[in-house]
Amino acid sequence: MNAIDIRGATKVFNPGKSNQVEALAEIDLAVEPGEFITLIGPSGCGKSTLLRLIASLISPSTGTVQVNAKPAEQARLDRDYGMAFQTAGLFDWRTVTKNIELPLELMGWSKGNRRRRAAEMLELVKLSDFSKHHPSELSGGMQQRVAIARALAFSPSLLLMDEPFGALDEMTREHMQDELLRIWKETGTTVVFVTHSIPEAVYLSTRVVVMSPRPGTIASTIGVGLGDRSAATRDDPAFFRKVTEVRTALRKVEE
Amino acid sequence: MNALKGFSAPIVAGVVLFGLWQGVLSLFNPDGFVLPAPSEIVGALIDNWDEVYQGARITGFVVVSGLIAGIILGIIAALLVTRFRTANETITPLAVAVNAIPIIALAPIFNNWFGLTSPRSNQAIVVALVFFPIFINTTRGLTQVDRSQIELMESYAASRSRITREVRIPNAMPFFFTALKLSTSLAVIAAIVAEYFGGRQDALGPMITQSAGLTRYDEAWAAVLAGTLIGAVLYFAVLVLERVAMPWNSLIRAQGDDQ
Numbered sequence: 001m002n003a004i005d006i007r008g009a010t011k012v013f014n015p016g017k018s019n020q021v022e023a024l025a026e027i028d029l030a031v032e033p034g035e036f037i038t039l040i041g042p043s044g045c046g047k048s049t050l051l052r053l054i055a056s057l058i059s060p061s062t063g064t065v066q067v068n069a070k071p072a073e074q075a076r077l078d079r080d081y082g083m084a085f086q087t088a089g090l091f092d093w094r095t096v097t098k099n100i101e102l103p104l105e106l107m108g109w110s111k112g113n114r115r116r117r118a119a120e121m122l123e124l125v126k127l128s129d130f131s132k133h134h135p136s137e138l139s140g141g142m143q144q145r146v147a148i149a150r151a152l153a154f155s156p157s158l159l160l161m162d163e164p165f166g167a168l169d170e171m172t173r174e175h176m177q178d179e180l181l182r183i184w185k186e187t188g189t190t191v192v193f194v195t196h197s198i199p200e201a202v203y204l205s206t207r208v209v210v211m212s213p214r215p216g217t218i219a220s221t222i223g224v225g226l227g228d229r230s231a232a233t234r235d236d237p238a239f240f241r242k243v244t245e246v247r248t249a250l251r252k253v254e255e
Numbered sequence: 001m002n003a004l005k006g007f008s009a010p011i012v013a014g015v016v017l018f019g020l021w022q023g024v025l026s027l028f029n030p031d032g033f034v035l036p037a038p039s040e041i042v043g044a045l046i047d048n049w050d051e052v053y054q055g056a057r058i059t060g061f062v063v064v065s066g067l068i069a070g071i072i073l074g075i076i077a078a079l080l081v082t083r084f085r086t087a088n089e090t091i092t093p094l095a096v097a098v099n100a101i102p103i104i105a106l107a108p109i110f111n112n113w114f115g116l117t118s119p120r121s122n123q124a125i126v127v128a129l130v131f132f133p134i135f136i137n138t139t140r141g142l143t144q145v146d147r148s149q150i151e152l153m154e155s156y157a158a159s160r161s162r163i164t165r166e167v168r169i170p171n172a173m174p175f176f177f178t179a180l181k182l183s184t185s186l187a188v189i190a191a192i193v194a195e196y197f198g199g200r201q202d203a204l205g206p207m208i209t210q211s212a213g214l215t216r217y218d219e220a221w222a223a224v225l226a227g228t229l230i231g232a233v234l235y236f237a238v239l240v241l242e243r244v245a246m247p248w249n250s251l252i253r254a255q256g257d258d259q
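The listed protein sequences correspond, in order, to chains A and B.
Using the numbering used here, you'd call the opening residue of the first sequence number 1 and step up by one each time.
Using the numbering used here, you'd call the opening residue of the second sequence number 1 and step up by one each time.
If you are wondering where the hints come from, they were derived from the structure by calculation, not from laboratory data.
Please note that the accuracy of each hint is not assured.
[Unchecked claim] To list a few chain B residues with every Cβ distance to chain A over 12 angstroms, as calculated:
# : residue
1 : VAL12
2 : SER39
3 : VAL42
4 : ASP50
[What the hints assert, rightly or not] Some but not every residue of chain A turned toward chain B, in silico, with C-beta under 7 angstroms:
#  : residue
5  : ALA55
6  : LEU57
7  : ILE58
8  : SER59
9  : GLU73
10 : ARG76
11 : LEU77
12 : MET83
13 : PHE85
14 : GLY89
15 : TRP93
16 : PRO103
17 : HIS134
Yeah, the Cβ is synthetic: ideal placement off N, Cα and C, and Gly gets one too.
Throw the hints in and build the complete structure from the sequences for me.
The following block contains the structure:
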């Protein structure tokens, strides 16, 4: 069973109107459980649109999107996935703990269970000391870690991330990438990750999906296969070869 | 101690201002009929305490009841236009059009509707004046929500009313309180000016016009002082309410001061 199965999905915004946009054309993509997929491409290539199709925040104009072998809409209603965005999207009026508890509240978890799970998640993202703080008291990187903890709190089998580290500085970003890989390995979650950074895509994923713009299509899929990542990976010639491979694919797309 | 720190500067400034006022008048204007000295105003307040207190109670009631009704109507309208598109398409243009009317100019007409000596007409003016800032600002707060916060709630399959409760309403709180602070002073102005044209004759508005007409300016100023106090007390109450309702907001502000 595939974690995600997309067949012939297209997306046209404002069909029939003067501002009609063909965002995605004929997307076919299958993701196996436990994979870490990144979607990369120039801006306007529809990578965020594709992510929202998987999340069923928007529906395809034609074609089908299946998550965990059921329609994406049903997967959303069953809360099969967690989501994180470029802006952390935390609620200022809730403490860090309460932010992580939000999805659990919506699922009707008991207070004790919520507290326990939030504490575990804070442990996982190494923010236990900040449980009672409000988001405005945290740095951008810490806020993003809380958002990831919130997305993972109910142990979804799928994690959808839309440029979650885009607004972070380089150092924090690399640190967050290592954190995310550690969490991915510990939880076995399937991840779909949107980025426009080539090294980030290569460092994180098992497969890089290169997209081309107007309308968005999948230009090529590049298997990475670098094994376990570490600080040394970033200096590894094999890493650079993959970066070059993705860059070449992206250049072709731009032409 | 920290709370006091914020107040000490305006208190010093106030004392200096009133000292100057008193000092300059005692030097140049011994008759005191253009502008009475603060001591004369306070004297008139004490001499006419019963009348001024009674007037302040009546005007204060008009202000507070009008404020509360205006707030409730404003919030209900804001929730309706946020929730229902048809409500938005009908209420919003209507509200904007009605808002263009100088409402205070309706005071004599409202007197005709509600009766010349009824405080209802004064209340109605306050309600109408308070309604618009509350309605417009609250609507803005309910709709100008971080897109990713809404998408997040949708990704959890949260219901619409849940999204309103968890995201829209907390998001609207700072907008609402900004409007409320504006409204308190507006409400006092509206009540007193409306009282110039009718309503109960022992309220602050008639007291000001009658005292000024009889050249008892110190008494007129005493009534103005009472109106000022009503506005100040209400404003302070709103500040306290804001702190209680949005503890996270003062945190954001404190954070901003540090940086």
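Hints, one by one, checked against the model:
1. VAL12: Holds: least Cβ distance 32 angstroms, greater than 12 angstroms.
2. SER39: Label holds. Min Cβ-Cβ 48 angstroms, cutoff 12 angstroms.
3. VAL42: holds (44 angstroms)
4. ASP50: holds (47 angstroms)
5. ALA55: holds (6 angstroms)
6. LEU57: holds (5 angstroms)
7. ILE58: violated (10 angstroms)
8. SER59: Result: violated, 12 angstroms to nearest chain B Cβ.
9. GLU73: Interface hint status for GLU73/A: violated (9 angstroms vs cutoff 7 angstroms).
10. ARG76: holds (6 angstroms)
11. LEU77: With a minimum Cβ separation of about 5 angstroms from chain B (threshold 7 angstroms), the hint on LEU77/A holds.
12. MET83: holds (5 angstroms)
13. PHE85: Check passed: Cβ of PHE85/A comes within 4 angstroms of chain B, closer than 7 angstroms.
14. GLY89: At about 4 angstroms, which falls below the 7 angstroms cut-off, the nearest Cβ of chain B leaves the hint on GLY89/A intact, so it holds.
15. TRP93: Holds. Min distance 4 angstroms.
16. PRO103: holds (5 angstroms)
17. HIS134: holds (5 angstroms)
Checked against the numbered hints above, the structure violates hints 7, 8, 9; every other hint is satisfied.
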